[in-house]
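Make a model of the complete structure from these sequences and hints.
Single-letter residue listing:
Number of protein chains: 2
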Amino acid sequence: MTERPQHGSARPGGRTARTRAAVLAAALHELDETGFAGLTLDKLAARSGVHVSTIRRRWRSVEGVVVDLMAQHSKTIATPDSGEFRQDLYELAEAIAGFHAQPRSRNLVEAMVAAAAYDPHIADLVRGAFIARTEVVTALVHRAVDRGEVPPGTDAYEVIAALSAPFYYRLLIMRGSIDERLVRASAEAAYRAARGGVFGGEGAGG
Amino acid sequence: MTERPQHGSARPGGRTARTRAAVLAAALHELDETGFAGLTLDKLAARSGVHVSTIRRRWRSVEGVVVDLMAQHSKTIATPDSGEFRQDLYELAEAIAGFHAQPRSRNLVEAMVAAAAYDPHIADLVRGAFIARTEVVTALVHRAVDRGEVPPGTDAYEVIAALSAPFYYRLLIMRGSIDERLVRASAEAAYRAARGGVFGGEGAGG
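Chains as they are written, first to last, in our numbering: chain U, 1 to 206; chain F, 1001 to 1206.
No wet-lab data here; the hints were simulated from the structure.
From the three backbone atoms N, C-alpha and C, an ideal C-beta is built for every residue, glycine too.
There's no promise every hint is true.
What the hints assert, rightly or not - Which chain F residues face chain U? A few, computed with CB under 10 angstroms, are given here:
(1) G1035
(2) A1037
(3) P1103
(4) A1111
(5) D1119
(6) A1123
(7) D1124
(8) F1130
(9) A1165
(10) M1174
(11) A1189
Here's what the structure looks like:
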């Protein structure tokens, strides 16, 4: 199969990659300084040195840049592999909490969700980014199934969603900050439910 | 204490109440027809017959109207009282799912969260609306404590947040629709965690 490289993905490390790095770095700075509400393509262009028409061609909008930034950023969360399911869930919860403890990450999430409300294209990007992110992390559930810690047939996506959901609820709905208590409760609730077959598997049917 | 009635809350059933009803009904229609992205104060004025300056004075913005509508709407979810904690949680999860099954409710939530990202005043309104809403529903947790079904000292807000969070995660982050499986898993996970003292109380400490 000879496919034409997707626009913007050609030549890793080359000019395209440098352009992306510059624009995402500029977005990060702007989000830190003024938050999402003040972000414009012109500001991104001025700070990154990339022409505004190039930014618009590649990302369509400020929101497109933000989702790309979020996708890149969330890759910095490693998938725990402690050898124990409960410990893995606690470590993942800690990592999610640590990620959202940075105001810039919180701004990013807010910006993404807000943008998705106005633009179905952005909504698809958000969905894709979170599905891709979740898929990576489900490895810890599959390992737990292999070790016999959770029932075979457990839906790994549901486990990760159950663990993650309380953080977004706290941030976006209750508008509060994330604390250690939320970390522990989210991990422990997901652990007990998964062990008990709440997310499918042999113990299911509650 | 003689307090001046809060602006806009005077004379229930009178002109102020009729104005509010007309504007909220207009917002509901517009959200059903075109979603939040197309909502403007002018459209609300045209449909409700209320002057745009009156709407702006009372609600400040389209977002202010939407949060008011959400607060009013969420009151239609009753607090279950079946005599059994698990059943109460299932019924509440069903009610939340039923609420969000309406496209208008989904639009409302999207609109609120988006607006909160851009305006700290709206963020406070959202927070206040959800805290007030949660407070009502915590009655079912207090009854479960009284019946000895969950440990004394259980944080009722955390139980309701744990039950609710997966719905908002599904809607806002994973951009999917709510299904029966999510209803069951959310209720059951919250039930087991609360019973086990995950949300404080005697069994706490994980």
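Hint by hint, here is what the structure shows:
1. G1035: Interface hint status for G1035 of chain F: holds (9 angstroms vs cutoff 10 angstroms).
2. A1037: 5 angstroms, holds
3. P1103: 13 angstroms, violated
4. A1111: Status holds, d = 6 angstroms.
5. D1119: 8 angstroms, holds
6. A1123: Cβ of A1123 of chain F sits 5 angstroms from chain U, so the hint holds.
7. D1124: 8 angstroms, holds
8. F1130: 6 angstroms, holds
9. A1165: 4 angstroms, holds
10. M1174: 6 angstroms, holds
11. A1189: 4 angstroms, holds
Violated hints amount to a single one, hint 3; each of the other numbered hints is respected by the structure.
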